[in-house]
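Visitor: All chains, please: the whole structure from these sequences, using the hints.
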Amino acid sequence: MIVFEAAGITPLGIFPPPLEFFLQKNNYILERQCSPPLPHQLISSNYISAKSGERSRSAGHSTHRRRTVKTLLHTRILRSFRNLHTNQMRLWLHLFSLVAAGLCVHAFSYNGGNSQSGNPGGNKRPPQNQQSQSSGQSRLREVFSWTQLDFVYPNQRAREQAINSGAFVPDGSMVPISVFGAGNRVFLAMPRWKNGVPATLAYADLSSTNRSPPLIPYPSWELNRQGNCQGLTSVFRVMIDDCDRMWVLDTGLVNTFEDGKRICPPQVVTIDLKTDRIINRFRIPQSALKEDSLPVTIEVEYPKGTCGKLTDAVVYMADTTTYAIIVADLSTNRAWRVTDKTVFPSPEAGTFNVAGETFELMDGVLALALGPNLGQRGRTLYFSAMSSFQQRWVQTSVLRNESAANNQPLAFQTGTQMRPGQSAGSGMDKNGVLFFGFVNSDTLACWNTRKSFEPKNIAKLAQNSQTMQFFATVSVDKRQRVWAISSRFQSFFSGTMNPRDVNFRVFMAESSTELIKDTVCANDASNLNAPQQLVFRP
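Mapping of the sequence shown onto this note's numbering: position 530 corresponds to residue 540, and the numbering continues sequentially without gaps.
No wet-lab data here; the hints were simulated from the structure.
A virtual CB, placed ideally from N, CA and C, is assigned to each residue, including glycine.
DEER-style ranges, computed between Cβ atoms:
1. 477 <-> 505: 17 to 27 Å
2. 386 <-> 510: 52 to 62 Å
3. 413 <-> 521: 34 to 44 Å
4. 173 <-> 510: 14 to 24 Å
Straight-line distance between alpha carbons at most 30 Å, and here's what the computed DSS-like set of lysine-lysine pairs gives:
5. 466 <-> 440
6. 488 <-> 466
7. 527 <-> 466
8. 351 <-> 300
9. 440 <-> 351
10. 314 <-> 440
11. 300 <-> 271
12. 440 <-> 527
13. 488 <-> 319
14. 440 <-> 488
15. 488 <-> 284
16. 488 <-> 314
17. 271 <-> 204
18. 284 <-> 440
19. 527 <-> 488
20. 300 <-> 204
21. 466 <-> 351
22. 314 <-> 284
23. 284 <-> 319
24. 440 <-> 319
Guide: Structural data, given as structure tokens:
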């Protein structure tokens, strides 16, 4: 078992939970699922080796070095074991198991295991009876694949210089986690988790006959230069609206696996795809951030219309490490944090297994997707924590009310039943169908938001344990094409990625409607105009 508890970012930008997580509502919550290691596992050479690796990875992370209660218990007990005889060791192991069990009781009593709490359903595992795979597998095609990423340099000499200087490390330095299509351009984002990422935003040409093409930095090499705070520093995700504007969420944080420096302020950069020029830059104010904030997902709404003026836009961002939805109103240039128990991770969803490798993380709100405009009812923001089995949603009118957004807990709603697994990024089509991947089962799935959220209404569209490992992002473009990107995150973060294997793949379906045809996600006359507030129950 690989244990990601070290200070620093793990698969999708995860820091250890801040102190507020443990003290939320005066309840103690563990940072992981409560299943303490067996005694022989606790002191095995593999476990000690994993802990030593964590300590080495955390070196230099002065601003993010937060050790949780459980980590401290492990460290102190392991030190004590070295000086204990066998009988004493057995006694300590017995006492430790009692302490761990007591902490688990506290964790699973959080909010009574209510389905709306951060720990829904107690320690139950999610149901696994979603609709079986449909013909959607044949409608989702692989359009690109790479063993490792390469880039289009001005010439071969420039590429060699980048490699020699360390600006470009071809093997194992980067992983794409975001995909969004616009015309024939397929945009990818590569956060600068490690040294050697020459461009954090780039694209591939869909019309190219090369299925593993080198990427073209976007909007230019200069605007991808590390240290240029007037450009892009470390991009996690982008979205493209119906106005042909690209919204880029830039964390400003680089080399998280080495020294974790925030070299530029977090920002939202808007690019006009018609001219490929930056047309707006919004620096996220400190009042909307915390020290360890990591905004990683972005959605944009024009409350006055489908495609409005730039200054009419409202931006929603998922802060996955300090558990909040950040709202930015460009008409006033203000931003604020919205917190609710629904944006927190759930302890029972903290264990992940991908392709036989197990890791643990506590990632808060990550997936964001805007529902269609329902007239007077407005729009709904659908969201979920990475470490959760629950789907959540809230009306955007609630989030846009700066003075009241944090005082309306009943406005944040939760599906009455759990998902069959954890999910990362999600995308919504114009008919209100939500697309997402299940990490543990290498599956692309969908849910029609006009129907109740329960396993029988979730359709499995495609599944492949080799090619669809860890869908990091699913998106729907304005032509209603569905995009998904899969990467071997578990290998990247454990340092076992094989540069000769195909590690990154981009999938595309030409039509969201065709992709869900003959599945439970398809719209029919009985649900096409169903009012969502009557279908859903808190």
